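**Q** For the record, the sequence lines run as chains G, R and Y. When we follow the numbering used here, the leftmost residue of the first sequence carries the number 1, and every step to the right adds one. When we follow the numbering used here, the leftmost residue of the second sequence carries the number 1, and every step to the right adds one. When we follow the numbering used here, the leftmost residue of the third sequence carries the number 1, and every step to the right adds one.
No lab work stands behind these hints, which were simulated from the structure alone. Fair warning: there could be bad hints in the mix.
[As the list claims (entries may be wrong)] Rough simulated footprint, nothing fancy, chain Y against chain G, three-plus residues with beta-carbon under 8 Å:
(1) 39 to 46
(2) 66 to 79
(3) 89 to 97
(4) 101 to 108
(5) 118 to 128
(6) 137 to 145
[Unchecked claim] SDA-like cross-link-like pairs, simulated, lysine to any residue; straight-line CA separation at most 25 Å:
(7) K150/G to P703/Y
(8) K48/R to S2/G
(9) K150/G to G81/Y
(10) K192/Y to G43/R
(11) K128/Y to V45/R
(12) K48/R to N161/R
On a predicted model such as this, the values are computed, not experimentally measured, just so you know. All C-beta atoms in this analysis are idealised placements derived from N, C-alpha and C, irrespective of residue type, glycine included.
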Amino acid sequence: MSDQNIRFELNGEPQSVTVTPMARLLDVLREDLRATGSKEGCGEGECGACTVLVDGLSVNSCLVPVAQVEGAQITTVEGLERDDRLHPVQDAFLEHGGAQCGICTPGFLVAAAELLAADDQPTPETVRDALAGNLCRCTGYQKIVDSVVKTVMEGWPC
Amino acid sequence: MLTSHANVLSPRTIADALDMRATNPQAMPIAGGTDVMVALELGAVNPKTFLNLWGLRELAEVNQRDDGGVSIGALATYRTICASEHVHHVAPILVEASRTVGAKQIQNRGTLAGNIANASPAGDTLPVLLALDADVEVASSARGARRIPLSRLYSGYRQLNMDTDELITWVHLPPRHPNDRTHFRKVGTRLAQAISKVVMGIRVRVEDGVVNEARVALGSVAPVPVRCHHVENALMGGAVDPAVSSLLSQDIAPIDDIRSTKAYRNGTAHRILRSALTHLSKEV
Amino acid sequence: MTVAMTKGCPSRSRSATLWKNRRFIPFSSVKAVLNKNDEAVDDEISLIAFHFFTSIAMFLGKSYAVVYMRVSRGASSMHIGQGIVRRDGRAKVTGAALYVDDVCPENCLYGATVRSSVARGRLLGLEKDPAYDWSDITICTAEDIPGENVVALMTDDQPVLAYERIRHVAEPVALIAAPTRDRALEAVAHIKVLVDEEPPLFDPTISAHNQDQLIFGSDNIFSHIRLLHGDQAEAFDALDGLLVEGEYRVGLQEQLYIETQGILASPRPDGGLTIFGSMQCPYYIVKALKRVLGHENLNVVQAATGGGFGGKEEYPSMLSAHAAILSIKTGRPVKLIYRRDEDLRATTKRHPAIMNYRTKVDPKTGKLLGADVRLLFDGGAYNTLSPVVNSRGVIHALGPYACPQVCLDALMVATNTPPNGAFRGFGAPQVMFAAERHMDRIARTIGMDPVELRRRNLYRVGDITPTGQCLTDAGGLEVLDKALAAAQKTDPRPRVEHPGSGGSAARRASGRGVAIAWHGCGFTGNGEAALKGKVDLAIQGDEVVIYSGSTDIGQGTDTIFPSIAATILGLPLHRVQMAPHDTDIVPDSGPTVASRTAMVVGGVVAQGARKLMDALRQDVNTEDSSLTFDDLLSRRSTDETIRIQAEYVDAGLEWDPKTYQGDAYPTYGWSCMVVDLDVDLDTGEVLYTRLIQATDVGKALNPVLCAGQLEGGALQALGYATSEEVVLDAHGGMINNRLTNYIIPTTLDAPPMETILVENPYDGGPFGAKGIGEIPHDVPAPAVAQAIEQATGLVLNRLPMTPERVMDGLEAL
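This is chain G alone, in the form it adopts within the complex:
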């Protein structure tokens, strides 16, 4: 069967792609839409570097066939900003050393944004639980956890 036309919203912008319906969402984002912020670290849902939000929920975009996001709202790291302002968790990562090599950072930020939308004052334990699907090899996680705990969500539109 030939390619299919699939439409969804990416970071608030309507998108229409004509691709094989079993294409991984990750590949469609990175290659067809050139939104390369989401990274591939394993291709099997272990590392979380490809984490994006589909209708507000974090998923591994390497495990989602694009056919399943027809009509969905997708948020990637590129879409965390609002009106040219960084999302507070992006600011916190900068200030508290949450990013080192940066390859896992987009996935962590997206997963953290999902958590912070539901709980704007998480404890370190809550943060660790929410980010357990994202692997980092640089930080030992302490500065990532600190960054999310210290994120100031006040005044941020959810």
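Got chain G; can you put chains R and Y on it based on the hints?
**A** Just chains R and Y, lined up with the frame of chain G:
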């Protein structure tokens, strides 16, 4: 992943899904994709057609039944299960097990029915469902729906007693009995994003200090998730006795693999069962 | 500026002249190019622009912009000791930073590698599936290499593509280029490598002088070092004291950078070649490719690099050679990105070791009297950097403890497993595990508290090391006291019970372990003096630009170098920039390894900043040292660029590589870690509750980045301690080569960490800084072993201490 030629059928209703299943028995069903997409990536499967069930939103729910039990739709994710007050009430160990599946990203996408259909002996929720006497409802367009106790669903390693035109539609859990004591334990490769080395679900019904119903189920210790009948039988009719854990060898047949050893699985299964029974024997 | 601007790469259509005339342009010009001249967007430009221009420049021959990122515009000029936000931070948190796989030039082909499926034998050839459509596939073998078939490093033993002989499983035999990734992988599956198989050698204990199974040279020995210290060093048996002996073993460990290895090779308009990718050492690649290509018309550009840890020290030379060969044959850009399974199976790992320690001890005082240590490292099939690992291993073998009579013997041998190579710590984590476990064994034997035993033997100032170096700095006692004090001050925060962990049914025992390590900073002996790392600094307009071949692989040196220079020059940070790491425009600062970049190259930056001020004063004909940079700048009559080069100045270390006597390192880092954990007595799982470390960093140039390094290294070592096991199949290849099966810690496995930065300045480092990249990997594993022992009585002397090994041990107690 070589999926460039794959055809995807995306039904919107259960009836359509069953029709498509009947006319395309070779099509691989895909729900949340958390197992199927990995298998594709590894080249373990390469089907020409997929039956995309994700759009069956009517099956994405968890419903409380009149009898006090719950019915979990085939497209309900672990996240939905964890968020359900009914499941918390009827089957707290199912919530606990669901929280150990992968991590948030997997729980947001993976489904309970997918765990059942994937039929891995290491499936985290399967011993829990066995302990809870879960029934699996399957349906076909030709013959309608039927219910199979989960304990009779698996016929061998990754083999299901289902016909090629059937799909899992619901998982039914009976109501919780006030005298039920339950326990869940997962020994994985790490604390998240972990595959089980041994996984266990237990339910004992204790009335006046006497066990009158016992379910002990383990995963990752045999080709299929197993009910441990020798242990269960020995538990019946007396107080919860941790010593019966020594009978476990008659119920399980673990192997060496890349993640652990036969000896470790065997010993660990015995020890966690003993500790669990010790704990359950004290519970009031 | 929109993200879209950074994506994609226009086709390569400009002339060679454009390429040759490309130059590095300052930030002000970038703003002009982007039509974004208002200051409000300063923050927005930065690395985005840098990478945009880097990739454009690669394919168009256009100019470069510079890293200019999120730098505060304050007037302050003291940037040392501040938690300055990393310059590439904004690009990394917005997803704009470009890693090699994010760049896709037009006409780009995808590369893949055909590998041996067996470990040893005679290579007979390749068999292509005749039924497969090869029309759009390019295949390269050893015959297609324009120059020499060698990955030039320390020795010339490793071929770029196997020729005649196979020496390890997954050895590259041929290369594929195809229009898509899938096609490339598919084509690989349709080629069979024909090998006349021979029995492989996997056991390092029977490798040396094994004439039946020669892998390397005439004796299978990559390196043999014998290090003697004390007048009775060779008379160990005759020494007084109680004999305590033990054997310690460690397995392979994978670096597991989250970004897999990747290189893009692209033809240049002038007939040369550009290499762009994930790497630590651009100049290694230049040196290797000169031999492979037979010419020097190439430049190497570092992309944003998703972790290295040593794994991207030497291996990218292999990948670059492969991508280059494919690019030359096809005349097109070729991108070679490893899949995770391939990366795990084919690339280097930490060397396994078998370590035998014999010591003589005064049973009353616990003082070490003599040591006789034999180390055996498994180097795998090719030499790579193994002799240097052997060297660092042997020098650190006794840990941070004084011992008057020492005989150390270290052997690095060949086996038919994939080559082992650089990994954070570089031989030290192996021996530090052995040394610290041996101290615990001594403590147990003589009935002394293990911390007290360490306290009595730790180096003091004036003590002599096994290489005969007199220590002028010995921070072991201080870090021990500080870590213990912190551990005693508070209890670990109670661990939240994780679902499925058994809750109140679980049976657990708690333990605390303490371990101490030292780590030599920078290259060994006269390594730095021989290398002469260089850095250029230039005044361009009103900005200063630092040109260095040292790469930022996440550790933050692109932020630290400008902080050093700006502080010395008295400038706000936004006026000091880092040039992109492109070998055409940066000098060779030496490789980004060996805990040397901030300390050694940072020192060259500091020296360069002073030299630049001198040059500026000279330019305006003044010797008045009270004039500021801007005073001087305002007196200039031209805006011509002033560019100077600074070079490493010999620290005057005396070192004899033949006897291994002398000053092994200019200075040492010291670290103590306290690990609290629970052992599950039913499952053997180790659950970490807290890790406290006190580490002597000399001076924390940037405390946030510094602590980040120490914490990340510590967690990597906790993985080494209990979960990271490389399982080999019958061919000596990693069989658990997936992230599902090679178990690195998640947020839930990692303990909360408390990091104490102890500052004992080293006067040879910039502002007193010492190298800190590796030492955190040396300490945790033995601390974990001690904690398990304290909790359960179980003594483990082998890494990793998996639940299976813990349980085996507990059962046998």
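**Q** Against each hint, give a clear statement of whether it holds in the structure.
**A** Taking the hints in turn, this is what the structure says about them:
no. : hint             : verdict
1   : 39 to 46         : holds (count 7)
2   : 66 to 79         : holds (count 3)
3   : 89 to 97         : holds (count 6)
4   : 101 to 108       : holds (count 6)
5   : 118 to 128       : holds (count 4)
6   : 137 to 145       : holds (count 9)
7   : K150/G to P703/Y : holds (18 Å)
8   : K48/R to S2/G    : holds (12 Å)
9   : K150/G to G81/Y  : holds (21 Å)
10  : K192/Y to G43/R  : holds (18 Å)
11  : K128/Y to V45/R  : holds (24 Å)
12  : K48/R to N161/R  : holds (23 Å)
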